[in-house]
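Trainee: Spelled out, the chains give:
2 protein chains.
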Amino acid sequence: MKADLDNLMKKYGVDVILVTGSAQHNPAMIYFVGTAHVSEAILIKKRGSAPVLFHYPMERDEAAKSGLELVSFSKYPMTELVKEAGGNYSEAYILRTRKMLEDLGITSGCVAIYGKDDVGPFYTMIDRLKEMLPNLKFQGFIRDEIMMQAMMTKEDNELDRIREMGRITTAVVGKTADYLTSQKTKKGVLVHKDGSPVTIGEVKNLINLWLAERGVENPEGTIFAIGRDAAIPHSVGTPSDPLCLGQTIVYDIYPCEAGGGYFYDFTRTWSLGFATDEVQQLYDNVKTVYETLYRELKLNAPFSVYQERTCELFEGMGHPTIKTNPATEIGYVHSLGHGVGLRVHEKPFATTVNPSPNDILAPGAVFTLEPGLYYPERGMGVRIEDTVCVTADGKFEIMADYPKDLVLPMK
Amino acid sequence: MKADLDNLMKKYGVDVILVTGSAQHNPAMIYFVGTAHVSEAILIKKRGSAPVLFHYPMERDEAAKSGLELVSFSKYPMTELVKEAGGNYSEAYILRTRKMLEDLGITSGCVAIYGKDDVGPFYTMIDRLKEMLPNLKFQGFIRDEIMMQAMMTKEDNELDRIREMGRITTAVVGKTADYLTSQKTKKGVLVHKDGSPVTIGEVKNLINLWLAERGVENPEGTIFAIGRDAAIPHSVGTPSDPLCLGQTIVYDIYPCEAGGGYFYDFTRTWSLGFATDEVQQLYDNVKTVYETLYRELKLNAPFSVYQERTCELFEGMGHPTIKTNPATEIGYVHSLGHGVGLRVHEKPFATTVNPSPNDILAPGAVFTLEPGLYYPERGMGVRIEDTVCVTADGKFEIMADYPKDLVLPMK
Numbered sequence: 001m002k003a004d005l006d007n008l009m010k011k012y013g014v015d016v017i018l019v020t021g022s023a024q025h026n027p028a029m030i031y032f033v034g035t036a037h038v039s040e041a042i043l044i045k046k047r048g049s050a051p052v053l054f055h056y057p058m059e060r061d062e063a064a065k066s067g068l069e070l071v072s073f074s075k076y077p078m079t080e081l082v083k084e085a086g087g088n089y090s091e092a093y094i095l096r097t098r099k100m101l102e103d104l105g106i107t108s109g110c111v112a113i114y115g116k117d118d119v120g121p122f123y124t125m126i127d128r129l130k131e132m133l134p135n136l137k138f139q140g141f142i143r144d145e146i147m148m149q150a151m152m153t154k155e156d157n158e159l160d161r162i163r164e165m166g167r168i169t170t171a172v173v174g175k176t177a178d179y180l181t182s183q184k185t186k187k188g189v190l191v192h193k194d195g196s197p198v199t200i201g202e203v204k205n206l207i208n209l210w211l212a213e214r215g216v217e218n219p220e221g222t223i224f225a226i227g228r229d230a231a232i233p234h235s236v237g238t239p240s241d242p243l244c245l246g247q248t249i250v251y252d253i254y255p256c257e258a259g260g261g262y263f264y265d266f267t268r269t270w271s272l273g274f275a276t277d278e279v280q281q282l283y284d285n286v287k288t289v290y291e292t293l294y295r296e297l298k299l300n301a302p303f304s305v306y307q308e309r310t311c312e313l314f315e316g317m318g319h320p321t322i323k324t325n326p327a328t329e330i331g332y333v334h335s336l337g338h339g340v341g342l343r344v345h346e347k348p349f350a351t352t353v354n355p356s357p358n359d360i361l362a363p364g365a366v367f368t369l370e371p372g373l374y375y376p377e378r379g380m381g382v383r384i385e386d387t388v389c390v391t392a393d394g395k396f397e398i399m400a401d402y403p404k405d406l407v408l409p410m411k
Numbered sequence: 001m002k003a004d005l006d007n008l009m010k011k012y013g014v015d016v017i018l019v020t021g022s023a024q025h026n027p028a029m030i031y032f033v034g035t036a037h038v039s040e041a042i043l044i045k046k047r048g049s050a051p052v053l054f055h056y057p058m059e060r061d062e063a064a065k066s067g068l069e070l071v072s073f074s075k076y077p078m079t080e081l082v083k084e085a086g087g088n089y090s091e092a093y094i095l096r097t098r099k100m101l102e103d104l105g106i107t108s109g110c111v112a113i114y115g116k117d118d119v120g121p122f123y124t125m126i127d128r129l130k131e132m133l134p135n136l137k138f139q140g141f142i143r144d145e146i147m148m149q150a151m152m153t154k155e156d157n158e159l160d161r162i163r164e165m166g167r168i169t170t171a172v173v174g175k176t177a178d179y180l181t182s183q184k185t186k187k188g189v190l191v192h193k194d195g196s197p198v199t200i201g202e203v204k205n206l207i208n209l210w211l212a213e214r215g216v217e218n219p220e221g222t223i224f225a226i227g228r229d230a231a232i233p234h235s236v237g238t239p240s241d242p243l244c245l246g247q248t249i250v251y252d253i254y255p256c257e258a259g260g261g262y263f264y265d266f267t268r269t270w271s272l273g274f275a276t277d278e279v280q281q282l283y284d285n286v287k288t289v290y291e292t293l294y295r296e297l298k299l300n301a302p303f304s305v306y307q308e309r310t311c312e313l314f315e316g317m318g319h320p321t322i323k324t325n326p327a328t329e330i331g332y333v334h335s336l337g338h339g340v341g342l343r344v345h346e347k348p349f350a351t352t353v354n355p356s357p358n359d360i361l362a363p364g365a366v367f368t369l370e371p372g373l374y375y376p377e378r379g380m381g382v383r384i385e386d387t388v389c390v391t392a393d394g395k396f397e398i399m400a401d402y403p404k405d406l407v408l409p410m411k
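For the protein sequence lines, the chains are A and B, in the order given. Residue numbering for the first sequence follows the working numbering, beginning at 1 and increasing consecutively. Residue numbering for the second sequence follows the working numbering, beginning at 1 and increasing consecutively.
Rather than coming from a laboratory, the hints here were simulated on the basis of the structure. Do not take every clue at face value.
Just so you know, same-sequence chains aren't split out, so a pair can sit in one copy or run between any two.
[To be verified] Mimicking DSS-like on lysine-lysine, the simulated pairs with C-alpha atoms at most 25 Å apart in a straight line are:
#1 K287 with K186
#2 K175 with K204
#3 K130 with K411
#4 K130 with K323
#5 K10 with K193
#6 K184 with K11
#7 K298 with K395
#8 K130 with K287
#9 K404 with K2
#10 K186 with K46
#11 K99 with K411
#12 K187 with K2
#13 K175 with K75
#14 K65 with K204
#15 K99 with K287
#16 K75 with K323
#17 K83 with K130
The model shown is predicted, which means the values in this text are computed figures rather than measured ones.
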């Protein structure tokens, strides 16, 4: 939680957090500024102090929505900085940040850098600031145990926003099921009134529309894939594919609040009209593992324990897994889950390759549980996924209920 | 154009381009990979060679859509790299990139870095790679004259995609005009059948929906602002504001292809039902300047010339401008325009503060022409904007036609 930040900064020897970029699809910035849609800003938080937001003068009204202490870039006029930098625009741009740091009394210590932005200009700026302010150390974290750790455990208002995204997500999934099962069929293919096939691309357009109607975004797309595509975990589906009865459809949907706020992550696998025996068996295996895992979840347990357990369970059913063969492309081929918040993938991670000891199912953690099995050559893929949270009193909760039926009977 | 890249790299002493990040809302990556929706990738292009795309094994099908030479990250298994790095995951992650560079024979020279990504991990990686490969120099550009320059001049297929975005944008603007003029009014306010006022927020929701129906996004929002808000260039509008007759509405819409492709940028100023004399006069001033500028556009002219010219024209009409007072918040307060492409703001820029000599109206350039006048205290703002391109044979073309009427008569 945000309240943990100062302690985490102390634990990892960080004196200052500096966040760059816009407040659109930029989790670190959004975490601080909320719904203030600044297009380019710098946020600086000293350990033990409230953050300060530097913003464009034209965006003063937006910046004010953050409720943070504000400083306008107009305090540092570029025309004067360009003069001071001997006509060098790039140097003037760097000088501006130097002055911001100095105005906050930051001239020594460790500055942790965050934010999604153009890496080129930012790299050049930091590299030059190191020369200008030799007592400052700048640090970026490939594995971040400070902001990502604070963000891992959600406050109640964050959980409420994710639950609302879950409600919207499952409403759209319900509309998708209604649409599919209401179509006519001809020779085992869903068809329109004029006899033309209903395609993956059309359904995806409808999903986009239903999400937009509810004021949310799916910046990373949606997986709606059938047959062999469904058996390749990250294939998003082929738009021209027709929808055939009795084939597995993997429908993985991960929308977020408009502008890049909180996400939800959800998957169901469907077979329209009927399921073949081998698909049903595969599905039952995945559902059994899902239910076993959910029952076994323990407060504050390392998430990686359940990745190990998933491999063990699937192997017991005779499936290859990445535990026995890290390069396998059949059987169980991915991670059991990941945290969900302002990023669709965040802490806690379930990875067993050098897991962080902090990736645990702590109160406030929100994570996916998504076992799956994939057999591309047999044209079958199955995944079941819910987003789960740990409540403040240590209970596990599926954040949006939705039936787990494989077969959707045609109306 | 992409074909210019090798020459530009040579001109600025760059041997390698390295692009990081996803292919969503990441112009440098999208420029190379097109519509292949990889979620995390590294692209490396040596001068004189075709680019190579390093991608996650699970995204092989998406990566293949790029048509580029591919290398899967599975060539560099993290478990082995972690071992090689003595159990240090961050170091292993950096080693992976080192091996990619070495496998392409890149161990000396200048690497220009691009892409929108988390700046922290990327900074740490480059800083460490500099130590590992001391003959490599890494450079990020605060003012970029290589990729941004190549991207400034569009190929015909890029112009076609921007024209199509223009067609969609103006179709949505037309629907908005139809919707507004079809409403009832009561005491000078647009009202629903139940007598409740039609609000800015409702209209913006409809705009979002109409854009979504056409399969496009507006990641940076839409400006639909009335009255005093219309007179503050970057105010996006207040959702609860009612729509009143005879007040200026600034409607600035800048959507892009789904996933962050090509943008269009367009503004009209409307006054519903009637316009007051002072608004009409302000509008006529802006329209006159727009038309004068468009007539005066010359092939290969520096864009900044027209910013100067705009100030001169507005000053001749008695308006304050940022030329006479850089801090003015009334009159003409912003830049005349900017390039449009995979970014909504890109080269050519019209800035007169240290303009780049390369920011010219060259064949293939796509740019906005958007003079405006703002008087917040009088509750009036006017801006007219079209996206214009320079065709291969050196002609100027407004990329999507739309009427420039100020007054929209109510039906």
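Trainee: Which constraints among the numbered hints does this structure fail? Numbers only, ascending.
Mentor: 1, 3, 4, 5, 6, 8, 9, 10, 11, 12, 13, 15
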